[in-house]
Amino acid sequence: MAAEGDGPLLTVTIAPDRWVDLARFAKETLGCLYFNFLSAVDWKEEGLEVIARVENLDVGLALMMKTRLGAGQTACASLVPLYRGADWMERECYDMFGIRFEGHPDLRRILLPQDWEGHPLLKSYAVDTPYPPYR
Amino acid sequence: MEMKAPTPQIPPAVWTEFKDLQEWEKYRRERPEGDKHSALFESVTEGIHHFPGGFVVTSVADAFLNWARKSSVWPVTFGLACCAIEMMATFASRFDVERLGMVPWASPRHSDLMIVSGTVTIKMAPMLERIYDQMPDPKWAVSMGSCANSGGPFRHGYHVVKGVDRVIPVDVYVPGCPPPPESLLNGLLLLQEQIAHFRKTGRRAAPTAKID
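These protein sequence lines map, in sequence, to chains A and B. Counted from 1, the first sequence has number 13 at position 23 by my numbering; the numbering is strictly sequential. So the mapping is simple: my numbering equals the position in the second sequence, first residue as 1, plus 240.
Some hints here could point you the wrong way.
[As the list claims (entries may be wrong)] Distance ranges between label pairs, derived from CB positions: (1) Ser114(A) x Gln374(B): 38 to 44 Å; (2) Pro393(B) x Gly50(A): 35 to 41 Å; (3) Arg99(A) x Trp314(B): 33 to 39 Å; (4) Leu111(A) x Gln374(B): 33 to 39 Å; (5) Ser311(B) x Gln104(A): 42 to 48 Å; (6) Leu112(A) x Asp336(B): 45 to 51 Å; (7) Leu429(B) x Gln104(A): 38 to 44 Å; (8) Leu429(B) x Arg99(A): 39 to 45 Å; (9) Val117(A) x Pro420(B): 26 to 32 Å; (10) Leu305(B) x Tyr115(A): 49 to 55 Å; (11) Val49(A) x Asn426(B): 57 to 63 Å.
[Unchecked claim] Keeping only pairs whose Cα atoms sit at most 27 Å apart, straight-line, the calculated BS3-like set for lysine-lysine is: (12) Lys17(A) x Lys56(A); (13) Lys113(A) x Lys34(A); (14) Lys363(B) x Lys113(A); (15) Lys56(A) x Lys34(A); (16) Lys402(B) x Lys113(A).
[What the hints assert, rightly or not] Cβ-to-Cβ under 10 Å is the rule here; a few derived chain B residues that face chain A: (17) Ile362; (18) Lys363; (19) Gly397.
Hints are computed from structural coordinates only; laboratory data are not their basis. Note that this is a predicted model, so its numbers are computed, not measured. All C-beta atoms in this analysis are idealised placements derived from N, C-alpha and C, irrespective of residue type, glycine included.
Whole structure, please, built from the sequences with the hints as guidance.
Written out as structure tokens, the structure is:
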């Protein structure tokens, strides 16, 4: 726990199968109604880590939720039924990392063209991957 | 703490394909040399030029048409990134490109020049190509800034076209990151010089040396 702003910042790491439970706890018990962001980290052979931050703006509580998906795993539960703001964040996460959020109503690419191959923020993505016809 | 949360209602967005854009790209593939004159026009001007004494006619016509072209180069308003700020400063009253006969025009149909001011992403490149195709011939393109010249600082990114000359033919490259309005003005003057040296009404001159 570390002080940030006017309230505490909690960081909770949880197993991926309890991901939605933690989010529901944060929303309904802690009152974290503000969905700040959702992103991911590629830890190479250790697998992907999904990070989300929700906040209770009334009391200044910030909760950082983390989950390790495990090596080779790309499936994660979607937070969209709980937080509507997670929609585009999870689409971007799918776009850049290839994480498939199960339960997302409309999971497709948001920033890159729809016919793009690969997920560029993965460490295994070569920087100069050719993309026809312009390079 | 009890707080009532709104129930999420997410309408599914419908992905509509740009059928129109695909038709434009097909048209462009069938006509790769879009900025050339028609073969009929070219053969007629060649015939007049090689007729005895005919070079006087073509030279005078060249001089007149090139004077007219270079005196009213209308750039299409097309800003992509931070270079567009410098482009706007060039268009504004302090640097005042209207004394060169340039009017920033908000339609590609009436424009002669495209100033590619900024980073061209791979997703944006078909739209840029389409706007360039919509401009009437003869038309010119100025690549403004390092990003449009070669990809610039984003050259090793996954999403950047490494130079706009991979998408459209470029006449003048303006270096800088971003180029100040004086640089862009210099590039526009170089472009006018190129236009003035067209021979037989519209042959494209060699582009300036490329500086990354």
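Here's how the hints hold up against the structure:
1. Range check, serine 114(A) to glutamine 374(B): Cβ separation about 40 Å, and the 38 to 44 Å hint holds.
2. A C-beta distance of roughly 38 Å is found between proline 393(B) and glycine 50(A), which places it inside the suggested range of 35 to 41 Å.
3. Taken as a hint, the range 33 to 39 Å holds for the pair arginine 99(A) and tryptophan 314(B), whose Cβ atoms sit roughly 37 Å apart.
4. A hinted range of 33 to 39 Å holds for the C-beta pair leucine 111(A) and glutamine 374(B), which are about 35 Å apart.
5. Range check, serine 311(B) to glutamine 104(A): Cβ separation about 45 Å, and the 42 to 48 Å hint holds.
6. In this structure, leucine 112(A) and aspartate 336(B) meet the distance hint of 45 to 51 Å, their C-beta atoms being roughly 49 Å apart.
7. Between leucine 429(B) and glutamine 104(A) the CB atoms are about 42 Å apart, so this pair conforms to the stated range of 38 to 44 Å.
8. For the pair leucine 429(B) and arginine 99(A), the beta carbons lie near 43 Å from each other, so the given range of 39 to 45 Å is met.
9. A C-beta distance of roughly 31 Å is found between valine 117(A) and proline 420(B), which places it inside the suggested range of 26 to 32 Å.
10. Look at leucine 305(B) against tyrosine 115(A): about 51 Å separates their beta carbons, and that is inside 49 to 55 Å.
11. Here the CB-CB span from valine 49(A) to asparagine 426(B) is close to 59 Å, well matched to the stated 57 to 63 Å.
12. Using a Cα cut-off of 27 Å, the hinted pair lysine 17(A) and lysine 56(A) holds, with the two alpha carbons roughly 16 Å apart.
13. Pair hint lysine 113(A) plus lysine 34(A) holds up; C-alpha atoms about 7 Å apart against a cutoff of 27 Å.
14. At roughly 22 Å between alpha-carbon atoms, lysine 363(B) and lysine 113(A) fall within 27 Å of each other, so this suggested pair holds.
15. Annotation: proposed proximity of lysine 56(A) to lysine 34(A) holds, straight-line Cα distance about 17 Å (limit 27 Å).
16. Taken as a hint, the lysine 402(B) and lysine 113(A) pair is honoured in the structure, with Cα atoms around 22 Å apart against an allowance of 27 Å.
17. For isoleucine 362(B), the shortest C-beta to C-beta distance to chain A is roughly 6 Å, which falls under 10 Å, so the interface hint holds.
18. Given the 10 Å rule on beta carbons, the hint for lysine 363(B) holds: about 5 Å separates it from the nearest Cβ of chain A.
19. Look at glycine 397(B): its Cβ gets to within about 8 Å of chain A, closer than 10 Å, so that hint holds up.
In terms of the numbered hints stated before, the structure departs from none.
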